[in-house]
Every structure is written in C-alpha cells, then in structure tokens.
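Protein chains: 4
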Amino acid sequence: MKPPIHTVEARVRVRYAETDQMGVVYHANYLVWMEVGRVEYWRAVGLRYRDLERDDGILLAVAEVQCRYRAPAYYDEEVLIRTRVGEVNPRMIRFEYELVNAADGSGIATGWTKHIFCGRDRRPHRLPEKYHAALGIVRKTK
Amino acid sequence: MKPPIHTVEARVRVRYAETDQMGVVYHANYLVWMEVGRVEYWRAVGLRYRDLERDDGILLAVAEVQCRYRAPAYYDEEVLIRTRVGEVNPRMIRFEYELVNAADGSGIATGWTKHIFCGRDRRPHRLPEKYHAALGIVRKTK
Amino acid sequence: MKPPIHTVEARVRVRYAETDQMGVVYHANYLVWMEVGRVEYWRAVGLRYRDLERDDGILLAVAEVQCRYRAPAYYDEEVLIRTRVGEVNPRMIRFEYELVNAADGSGIATGWTKHIFCGRDRRPHRLPEKYHAALGIVRKTK
Amino acid sequence: MKPPIHTVEARVRVRYAETDQMGVVYHANYLVWMEVGRVEYWRAVGLRYRDLERDDGILLAVAEVQCRYRAPAYYDEEVLIRTRVGEVNPRMIRFEYELVNAADGSGIATGWTKHIFCGRDRRPHRLPEKYHAALGIVRKTK
Chain A
1 MKPPIHTVEA RVRVRYAETD QMGVVYHANY LVWMEVGRVE YWRAVGLRYR
51 DLERDDGILL AVAEVQCRYR APAYYDEEVL IRTRVGEVNP RMIRFEYELV
101 NAADGSGIAT GWTKHIFCGR DRRPHRLPEK YHAALGIVRK TK
Chain B
143 MKPPIHTVEA RVRVRYAETD QMGVVYHANY LVWMEVGRVE YWRAVGLRYR
193 DLERDDGILL AVAEVQCRYR APAYYDEEVL IRTRVGEVNP RMIRFEYELV
243 NAADGSGIAT GWTKHIFCGR DRRPHRLPEK YHAALGIVRK TK
Chain C
285 MKPPIHTVEA RVRVRYAETD QMGVVYHANY LVWMEVGRVE YWRAVGLRYR
335 DLERDDGILL AVAEVQCRYR APAYYDEEVL IRTRVGEVNP RMIRFEYELV
385 NAADGSGIAT GWTKHIFCGR DRRPHRLPEK YHAALGIVRK TK
Chain D
427 MKPPIHTVEA RVRVRYAETD QMGVVYHANY LVWMEVGRVE YWRAVGLRYR
477 DLERDDGILL AVAEVQCRYR APAYYDEEVL IRTRVGEVNP RMIRFEYELV
527 NAADGSGIAT GWTKHIFCGR DRRPHRLPEK YHAALGIVRK TK
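Listed in order, the protein sequences are those of chains A, B, C and D.
Our numbering numbers the first residue of the first sequence as 1 and each following residue consecutively.
Our numbering numbers the first residue of the second sequence as 143 and each following residue consecutively.
Our numbering numbers the first residue of the third sequence as 285 and each following residue consecutively.
Our numbering numbers the first residue of the fourth sequence as 427 and each following residue consecutively.
Chain A with its partners taken away, still in its complex shape (with noise of 0.2 Å):
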C-alpha cells in the first residue's frame, strides 16, 4: 500500500556528544537520527506519535533495523533526513530514511527500519482503524 505522503524531511545538528574518537559520528546515532525522522513522518500526516502511545497504548515496537554507511557525518554539520513509509499494514510498518548532508546534499547514510504495531502488554496488536488513513491503508475488496 502506498502512503498518501512520500518523503518528510526532518533536520539535525550534530552535537559533540554524538561524536567519538574517530572525529566524527559514532554510527549507533544514525539509528536515534531515523527516530527523529519518523516522529517528524507522523506530525506531518496529522499524527503525534506521543499521542498514539500515551493516548491509545500503541507501541511501535522495533523488530529491525539496516543501515548504510557512506560518508561521515562531522560536529556541527547539518543533517537531512528523508523519511518515508516502504511498507505498511496494520501489523507493521517499515520506515526508509536518507541522511544527507544539508550544505551540500551528500549522502551520509541510508536505511530503514522495521516496526511491530503492539498494545501496552508489547504484543502485537493490529493497528486501529482510525490511523489507517493517514498511514494510506485501504482496505483490500474485491
């Protein structure tokens, strides 16, 4: 299914404390950087993920997550992050991201990240309808 947006840009400045003795990025922030990305994905299609897990219980749980390393993020850079939905149903979601150099639209990074819709016990548990939506899941007919 097609979400009805495609990409949500979100920004980052890099902080020290996200570099480490390599001079650059320490590459487990990317994954924090794509969590910025889809927080941004939900405000832009009229969602608060907040919301959904304090109002509803529904919990993204991550079942995995992939990530490409191209070129080094540096301290007090810019940071682009493209967001969008790759695949959804009302049992997952998998979110793709492009992390790119906002001064010069390098790449930095891509991947993507697979989500479990769950309830407040973290099992899985179907995405309410009244998401569906937003997200573009139609109901399949004949």
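Derived from the structure by calculation, the hints contain no laboratory data.
Don't be surprised by glycine CBs; every beta carbon is placed ideally from N, CA and C.
You can trust all of the hints, since none of them are fake.
Computed list of lysine-lysine pairs in DSS-like fashion (alpha-carbon distance at most 27 Å, straight line): (1) B/K256 x C/K398; (2) C/K414 x C/K398; (3) A/K130 x A/K114; (4) D/K540 x A/K114; (5) D/K540 x D/K556; (6) B/K256 x B/K272.
Pair by pair, the computed Cβ-Cβ distance ranges are: (7) A/R126 x B/R185: 40 to 46 Å; (8) D/R469 x B/D197: 33 to 39 Å; (9) B/A275 x A/R70: 56 to 62 Å; (10) A/A134 x D/A560: 50 to 56 Å; (11) A/G107 x D/R546: 22 to 28 Å; (12) B/R153 x D/N527: 17 to 23 Å; (13) A/A71 x C/A417: 35 to 41 Å; (14) C/R295 x A/R120: 27 to 33 Å; (15) C/R423 x A/A44: 50 to 56 Å; (16) B/E151 x C/R404: 32 to 38 Å; (17) A/H132 x B/R185: 46 to 52 Å; (18) D/R469 x C/R423: 52 to 58 Å; (19) C/R295 x B/N243: 36 to 42 Å.
Based on the hints, put chains B, C and D in the right spot on chain A.
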C-alpha cells in the same frame, strides 16, 4: 545518619561510544557511571534498585548532580567507581562518588548526586521503613 | 567581566532515546542540552566552536558541572535552553543555563558548567586575544 | 577465510540510561553492545583495538549494520554478547553477533556489522600483514 557500609566499588571499561572527538570520554557519561556505581551500592547492602522500583513503586528522582573533572578517561581503560552514601533520611539520599583509573589509581573525577524518594506518581514519598536498616537510617530517640 | 551578549536561546525537542523507564528524560541528557546551548552562545557572539577547535586548536575542557532538577521533561516536548556567561577570563569560562518548557515557560532545570581553555595537548592555554572582545574580556588597566 | 577463534563472549549489565519510556532497552544501544563484543573479540585473539588505532593508525570504519530484535532487554539484566567473525580479508571484516539473556539463555537479538580497514586519513587501507594470522587471513596459494 551513617550507613552501615562505607564504600562500594564498581568497574566500567570505557566504550568507544563514550568518547568524543576530543579523544576522551564525553563528560556527561560520568553521570551514567555514577548510576552504575549506585546500583552496585544497592546490591552491596542487599537491595536491588530494580525491585525497589518495580515491586514497591519507589523511584529515586534525581534532584541535583555535581561533578568535578580532574583528568580525562580514555577509550578501553578500566574505571573504578567508588560510591558511598553522604547523607540519607526517609525523604532523600545523597551519594558521593570517586572515579579513579583502575590501573594506576589516579583520580579522574569526584561528584555527588542527590535523590528524592518518590512514589509511582513521581511525587515525594517517604522511604518505607523496611529499607531503613540497610541504609543505616535509624529512628531518632530522646 | 561582563560579556556583551546576555542570554542566548536554543531549542531541543525531546527524543525517545533521551527518555528512560521512569517515563522522563534521563538526567545525564541535560548536560548534552547544555552543550547545545553553549554552541549556540558561541554562534550568537559570532564564533563557531568547531572552528575554535579545528583552526586554532583551542579546546574547552569541562572542569566542573552542576545541575539542579526542578521538574521532569517529557518525550516530544520542546525545551528552551537559555545560556549566558557567568564568568570569563583568558583561562576559563563559566556558562550558566536555565532549561524551561518551551510551551508554558515552566522551569525544568538550572545549572552551570566551568571550562578551562586548553591547547591541542589538552593542557591549560590562555585564550588568544582575538577572541576576547566577542566574549567581553577586557584588559585591565590602572 | 576462517578465523582461528570461533566465538568470543562478553557481558554487559543493562544500565538505567539505556532504557527508554517503553520500559525496555532503547534499540540503538544494541549497536553499542555489539561494539563491546567486538572489542573483546580483538582481545581474545591477542590484539587490542585501541593499539591498532593508536599505534598503527588503523581505523575500522563502520560500513553497514543490521540488527534483528527478538525480545526486549530489561534494566539490570545481564546480557551475553557472542561475537564471531563472519568474513574477513585485508580490506574488510564482518562481525556477527548474538545477544542473549545471560540468566536463561533466551535470545534478545542477532545482527552483524561490516567494517572497512582504513588509515588515519579515513580512506580504505589494507590491514598490515602482521595482523593477518590472528584473524585467520591466509595468503591464497595455487
């Protein structure tokens, strides 16, 4: 009041993730190590902080921290965290820490953290009496 | 000495990664936010900390930090970081911070960090004179 | 090529700082644990990654990571990290990881990281021959 145990030791090995581009451990991580130290303090007096929180709904909200940095810590070094209780009563506890290089005993940092005992609602809540003895809290008598 | 600019504001949105199982921001992250605040302070006075470090080999080694926690910060909230210089001379600089909830202005934390100007060898080194004016360091005359 | 040592074990105890408001370990921290695992791998084959980097200027730039999450890890639990080399040649090394609960052996996650051997300039650089034996890299002969 004086707690029955004086100083408890814990060890951490510096992770690459904890360094920054200055080539040393990023300063905020010392607070994480202090937390490692205080968890071991609880264990040494026969308590498990996890259980305090999970079973009795007691949270230790951080009220104040202070850290003085003496010498940098480097990647892959082992750091010794010496933790003791500086002050404790049914409303609060103050831990004091000394961080030293485990190899040569040289000082890395000193600091303290002050915590308020809270309930699950994160509001101040007196520490239940069953925990007083382990922490050396004694009832004042005339 | 008084710096020419009084208070500089920066904003961060609380990341999921910054929360802990108490449901609030983990306390060590406030130190990371203070760093975000002081980077913006440099920028506001016309300097870029990255360049200080990269071009002139000036490092700001953290010597001491203190933070007092007033109220928790929650996921996805926007936090305003107000940074000002409390004290500065060619050997050290002390930044003071006030963290408030950007939505309602309520206080989250206050704190300060003290830094020693160092050279690439991480030993104390006087701040070059060309930076004095921006920070309001004036030569004492009779 | 097959490295001489098959699997190396390391242990971490889950820190409070590593949890998030879902009450479990934040997913990006698994990458930090994998790094703990591979440092111990180096040590087990008689090398110290710190020395590789410091003395020979060899950096292991992360090129790709993948992690599959099976079950959550909780605060104060001990996690066992099993690390082995999946592939290695003078240009790259791929580590494979299995994270299990140390108490009951149940699976927490599996994953791998691929690294390119680089020089101090962060450009690809063949691993010096003196390290080949420890990693099981053998010269191909007719």
